[in-house]
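Residue numbers (the numbering used here), protein chains in the order written: chain A, 1 to 304; chain B, 1 to 390; chain C, 1 to 352.
Treat the hints with care, as some may be off.
With a straight-line cut-off of 27 Å between C-alpha atoms, the simulated DSSO-like cross-links for lysine-lysine are [as the list claims (entries may be wrong)]: (1) B:Lys-134 <-> C:Lys-251; (2) B:Lys-355 <-> B:Lys-339; (3) C:Lys-178 <-> B:Lys-90; (4) B:Lys-308 <-> B:Lys-148; (5) B:Lys-340 <-> B:Lys-148; (6) C:Lys-178 <-> B:Lys-148; (7) B:Lys-134 <-> B:Lys-301; (8) B:Lys-293 <-> B:Lys-340; (9) B:Lys-176 <-> B:Lys-304; (10) C:Lys-225 <-> B:Lys-308; (11) C:Lys-251 <-> C:Lys-149; (12) B:Lys-340 <-> B:Lys-355; (13) B:Lys-304 <-> B:Lys-148; (14) C:Lys-178 <-> B:Lys-134; (15) B:Lys-339 <-> B:Lys-308; (16) B:Lys-304 <-> B:Lys-179; (17) B:Lys-179 <-> B:Lys-66; (18) C:Lys-178 <-> B:Lys-355; (19) B:Lys-112 <-> C:Lys-58; (20) C:Lys-251 <-> C:Lys-225; (21) B:Lys-134 <-> B:Lys-355.
Everything labelled a hint here was simulated from the structure, so no lab data went into it.
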Amino acid sequence: MILADILTGAIRSGTSVMLASQGELVSERAGVINLGTEGSMLGGALGGFAVTVWTGNPWLGALAGGLCGLLIASIHAFLVLSCGANQLATGLTIMFFGMGVTAFFGRGFVSEQIVGFNPVALPLLSDIPFLGPILFNHDPLTYLSILLVPLLWYVIFRTRIGIMLRTAGEREEVLFASGINPKLVRYLAVLAGGFLAGIGGAQLSIAYTHAWVENMTAGRGVVAVALVIFASWKPARAMLGAYLFGAAQALQLTVQQQGYAISPFFLFMVPYLLTLLALLIVERRKSSRTPEALGKVFAGEGSG
Amino acid sequence: MKMKRRASSVLLGALALIMLITGCSQPGSNSSSSPSGGSSETPSASADASMGTGGSAVGFIFVGTKDDYGYNQAAYLGSVAVEEAYPDLKVLRAENVPETAEAERVMEQMIKDGAKIIFPTSYGHLEPALNVAKRHPDVVFFHQGGLKTSTNVGTYFGTIWEPVYLAGVAAGKMSKTGKLGYIVSVPIPQVLLNVNAFTLGARSVNPDATTSVVFTGSWCDPGQQANAANSLIDGGVDVLSLHQDCMKTVIETAERRGVMTVGYHADASSLAPNGWITGSLWNWPELFVEMVKTAQDGQFKGSKFDGKYRGTLADNVVQLGSFGANVPADVVQYVEDQKKALLDGTLLPFAGPVKDQSGGVRIAEGETPTVEQLEGSDYLVEGVIGSIPK
Amino acid sequence: MKTQTGTIALSAGRWPSFARWKKRGVQTMIFVAPFVVYGIFLLCYGVNPVDLYVSMVKSAFGDLYGFGEVLLKATPFVLTGLAAALPAKAGLVNVGGEGQLAIGALFATWFAVFYLNAMPALLGIPLMLIAGALGGAVWAGLVAVLKVKGRLNETITSVLLNYVATFTVGFFVHGMLKDPDSFNWPFSPEISSSLRLPIVNGTRLHIGFVVALVLAALVWFVLAKTRLGFRIRVLGSNRLAAERAGFNINKMYFWVLISAGMLAGIAGMIEIAGIEGRLRASTGANFGYLGFLAAMMAWNHPLRLIVTAFLLGMISVAGNTLEIGSGLPSSSVNILMALVLFFILGGRRWSR
């Protein structure tokens with residue numbers, strides 16, 4: 001039973017991180033790393049919450065959340081791609097910008113109440129023993145996020161758009177030769193990434209917690225970026241990583257309730273240490289291949 | 001590029017020069033020797049009378065945001081009352097002031113802007129306040145929750161564990177499984193004291209009741225709160241309480257999953273029409289106005305606020321919240337009776353013997369703990385499941 | 001630096017200083033623009049930006065105390081900035097100043113409380129400084145080992161370790177380092193007054209600022225004037241060339257990261273010995289990230305970093321003024337900070 005609880009908890013608390021890391025994955029596939037994912041998530045969390053307050057419709061809220069995430073990511077895209085700014089520094093600045101802007105405009109929303117998304121148990125499916133309650137008793141955004149993963153895999157690896165995306169991150173001169181502007185592809189990729197991160201933030205505010213408070217993502221965007229590297233830029237792995245992170249959070253809470261004499265501070269570290277460990281294992285197996293343009297960023301040549 | 005380099009080296013030189021001129025002249029000295037002279041160890045009567053008077057402003061510093069539906073909002077409401085009672089005084093507020101030496105600068109700025117009375121409202125603001133107070137003997141500081149005082153620093157707080165105990169009684173009566181959950185941030189004494197009071201209350205009506213306590217490491221992280229609430233509910237608790245600065249997420253999550261809730265800091269009954277039992281509230285407005293008046297009149301020295309003032313349930317500084325619609329009348333009646341007993345002194349929540357988790361006696365039979373003992377709690381009582389770091 | 005276009009070169013030929021003036025004009029605009037944008041933003045909220053900027057400058061330069069506050073604020077930024085700038089010269093991205101500062105502060109406090117309390121200042125303070133540097137080095141060492149042995153990208157590992165560092169400090173201040181006289185509140189005992197850094201009269205400014213200046217100068221000297229610095233720069237600008245020249249790259253990465261950690265660790269020690277006096281869970285929060293941004297603004301130049309750290313210090317201090325004076329939330333100053341950075345980052349192409 002405890003195992004089922006932890007797995008359910010993994011999906012519950014991992015979904016926002018998962019959405020953001022899928023977005024970051026798209027962006028990085030095109031060769032742009034965006035540490036500002038945290039900022040996009042915050043923008044999405046506030047935008048989604050605000051629109052849900054105004055319209056009473058969480059679907060509009062989710063859309064608005066995505067658009068706010070996109071808007072914040074567009075600053076990153078502009079500075080990095082059009083102005084040649086350093087990607088990592090710009091991303092970090094976006095993170096601070098996101099915190100400041102959302103804290104400022106979000107003040108009035110802290111005390112608001114919303115009718116957001118609620119968990120919907122899928123008929124029949126949720127009656128399956130063990131798996132049913134784990135997989136099929138979530139809010140609509142969580143279901144959509146699970147469907148997104150195979151979709152994203154298909155787009156990236158099986159469609160022309162995906163080829164363009166990957167080529168932008170690997171061999172931009174090939175794109176040039178075929179008459180496509182790699183900068184445009186990258187722009188779109190960063191914006192799409194921001195959109196998904198924004199929805200991730202909105203999932204947190206209008207589906208999972210039904211609340212907005214200052215800086216409520218509390219580092220989830222940063223973890224999302226780390227998970228993409230763990231995932232070797234593969235959507236299914238990013239999903240696995242995000243749920244692993246979620247499971248670590250659920251696990252530490254379960255351990256606390258058993259009353260073991262372990263300092264909660266050690267337990268708080270578990271998700272981060274687990275992410276580090278996972279990174280190490282992946283790197284050991286050498287199965288990952290960094291998109292070439294990203295490799296340059298990491299080698300300190302981080303301009304567009 | 002060269003120009004820029006030259007410019008920056010000029011600036012550098014200037015900085016270095018200033019450093020030399022002003023002189024690092026006081027080796028070994030630190031904040032304890034203040035520029036305004038620490039010689040006035042025994043301030044004269046006239047200094048006492050002018051202390052805290054004549055200011056054009058009152059300063060409030062908060063550790064979080066004023067609309068968090070919690071600890072900071074409660075204090076903020078107090079500052080609003082001061083604003084209304086003293087239209088001539090400018091109320092200066094600073095939110096999100098970290099509990100570090102950074103707070104000193106904020107207080108210095110407020111003093112510069114005319115404040116002679118300052119309310120540092122978070123526990124961690126105490127040390128910075130004591131430092132600033134040494135430099136400004138004419139300014140009165142009212143610190144919320146502190147256990148140390150000085151000539152011009154008094155502390156105030158409320159015995160919130162009284163209503164928390166009563167809420168625990170209500171929770172113990174209402175719970176069917178006898179398993180209660182408590183979501184807290186970090187193991188500080190105020191938190192442990194409340195968990196203990198809640199558990200003692202619940203066990204006074206159901207000796208088998210247990211409280212599972214979960215630390216989130218943060219005062220307001222809704223995501224973490226939702227994780228914790230779900231995890232506790234999965235673990236079988238049917239009443240959830242919390243000690244966090246914001247509480248919307250926990251109350252709503254519990255309500256959605258059909259679990260009852262006990263609030264803290266503010267009334268959140270509207271968030272949980274079905275599951276709300278009751279809550280513990282702060283009521284600062286009248287107290288804050290009274291404190292400002294005392295200081296304004298030059299009466300701070302020797303007043304009840306010069307030292308450690310603790311407002312009680314009887315003083316109406318802390319309150320028991322309203323009962324939820326689904327709380328049966330006999331439970332309400334029982335809790336009200338307990339409240340009366342508490343008010344007239346026949347009920348002492350922490351009357352010994354109080355045992356900790358390992359069964360060791362912390363408060364002996366027939367003993368009543370002092371405020372210092374309670375506010376320095378470093379243990380969890382019998383019946384609490386969870387551990388605190390040693 | 002050599003990307004001047006033909007037309008500018010031509011006109012520069014006719015009027016030698018035109019290109020330079022143009023460049024300076026652009027640079028000035030990049031500096032002024034964010035304040036204009038932010039001013040418009042403030043106007044929308046009924047705050048007079050001119051008043052605000054005047055009071056900002058006044059509070060920073062008006063008296064010795066205010067000036068001291070800005071320098072005080074800038075001190076850790078200089079050091080954590082160096083912790084980012086030095087690895088950057090070697091082609092590494094260290095975003096871990098945050099955690100390295102925290103662990104530096106932890107080590108410094110640990111040694112101060114348990115071993116150095118009875119020591120005279122002349123011996124105790126340097127030892128405490130070494131302890132701080134050691135703490136930062138240990139934390140950066142983790143990043144370095146993961147980089148060199150585990151081939152893990154240092155950007156990501158250093159960020160993740162920042163979170164772990166915060167919890168580590170939390171663990172100690174709630175446990176082994178808890179002040180026995182604090183009524184169980186989570187902070188360390190106060191360090192002995194002999195270990196406190198000397199301060200400048202009339203301010204809270206301590207000689208830690210001089211330490212930061214000296215270290216900045218030292219880093220600059222090593223990078224610009226020594227063979228070691230030359231090798232670091234070669235590694236950073238062209239790893240392939242460094243490989244061909246037979247440099248032991250992993251060893252260099254390792255020691256550069258360790259040195260960066262030491263610099264951030266010293267920042268942590270200075271926070272404790274200079275101003276806080278004891279360790280809290282929140283000591284130095286965000287100083288690492290702000291230092292990283294200061295380094296970016298300075299294009300990783302150790303001396304220019306001092307200026308940018310000062311600017312960020314000024315804006316941080318202004319946040320309080322803004323809030324107390326006009327009632328705007330202090331978070332709005334983050335917006336100003338981000339705007340300044342946006343313009344500097346984005347304007348880089350046109351300003352050189």
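Verification of the hints:
Restraint check for Lys-134 of chain B and Lys-251 of chain C: not satisfied, since their Cα atoms lie roughly 51 Å apart, outside the 27 Å limit. Pair hint Lys-355 of chain B plus Lys-339 of chain B holds up; C-alpha atoms about 23 Å apart against a cutoff of 27 Å. Between Lys-178 of chain C and Lys-90 of chain B the alpha-carbon distance is near 39 Å, which puts this suggested pair outside the 27 Å criterion. Note on Lys-308 of chain B and Lys-148 of chain B: the hinted pairing holds, with a Cα-Cα distance of about 8 Å set against a maximum of 27 Å.
For the hint pairing Lys-340 of chain B with Lys-148 of chain B, the CA-to-CA distance comes to about 32 Å; that exceeds 27 Å, so the pair is violated. With a C-alpha separation of about 17 Å, the suggested pairing of Lys-178 of chain C with Lys-148 of chain B holds against the 27 Å cut-off. Of the pairs offered as hints, the one joining Lys-134 of chain B and Lys-301 of chain B holds, with about 16 Å between alpha carbons and a cut-off of 27 Å not exceeded. Note on Lys-293 of chain B and Lys-340 of chain B: the hinted pairing is violated, with a Cα-Cα distance of about 31 Å set against a maximum of 27 Å.
About 44 Å separates the Cα atoms of Lys-176 of chain B and Lys-304 of chain B, which puts this hinted pair outside 27 Å; it is violated. Taking the CA atoms of Lys-225 of chain C and Lys-308 of chain B, the gap is near 61 Å; set against the 27 Å cutoff, the hint is violated. Straight-line distance between C-alpha atoms of Lys-251 of chain C and Lys-149 of chain C comes to about 11 Å, which keeps the hinted pair within the 27 Å bound. As the CA atoms of Lys-340 of chain B and Lys-355 of chain B are separated by approximately 25 Å, the hinted pair is consistent with the 27 Å bound.
With a CA separation close to 15 Å, the supplied pair Lys-304 of chain B and Lys-148 of chain B stays within the 27 Å bound. Under the criterion of a C-alpha separation no larger than 27 Å, the hint pairing Lys-178 of chain C with Lys-134 of chain B is consistent with the structure, at around 25 Å. Taking the CA atoms of Lys-339 of chain B and Lys-308 of chain B, the gap is near 24 Å; set against the 27 Å cutoff, the hint holds. A hinted pair counts as satisfied when its Cα atoms are at most 27 Å apart, and Lys-304 of chain B with Lys-179 of chain B does not qualify at roughly 41 Å.
Restraint check: the Cα-Cα separation between Lys-179 of chain B and Lys-66 of chain B comes to about 33 Å, which exceeds 27 Å; the hinted pair is violated. Of the supplied pair hints, the one linking Lys-178 of chain C and Lys-355 of chain B holds, its CA atoms being roughly 24 Å apart against a limit of 27 Å. Restraint check: the Cα-Cα separation between Lys-112 of chain B and Lys-58 of chain C comes to about 13 Å, which is no more than 27 Å; the hinted pair holds. A threshold of 27 Å between alpha carbons decides the hint, and for Lys-251 of chain C with Lys-225 of chain C the separation of about 21 Å falls inside it, so the pair holds.
Only pairs whose Cα atoms come within 27 Å are accepted, and Lys-134 of chain B paired with Lys-355 of chain B is rejected, the gap being roughly 41 Å.
Of the numbered hints given earlier, the model fails hints 1, 3, 5, 8, 9, 10, 16, 17, 21; all others are met.
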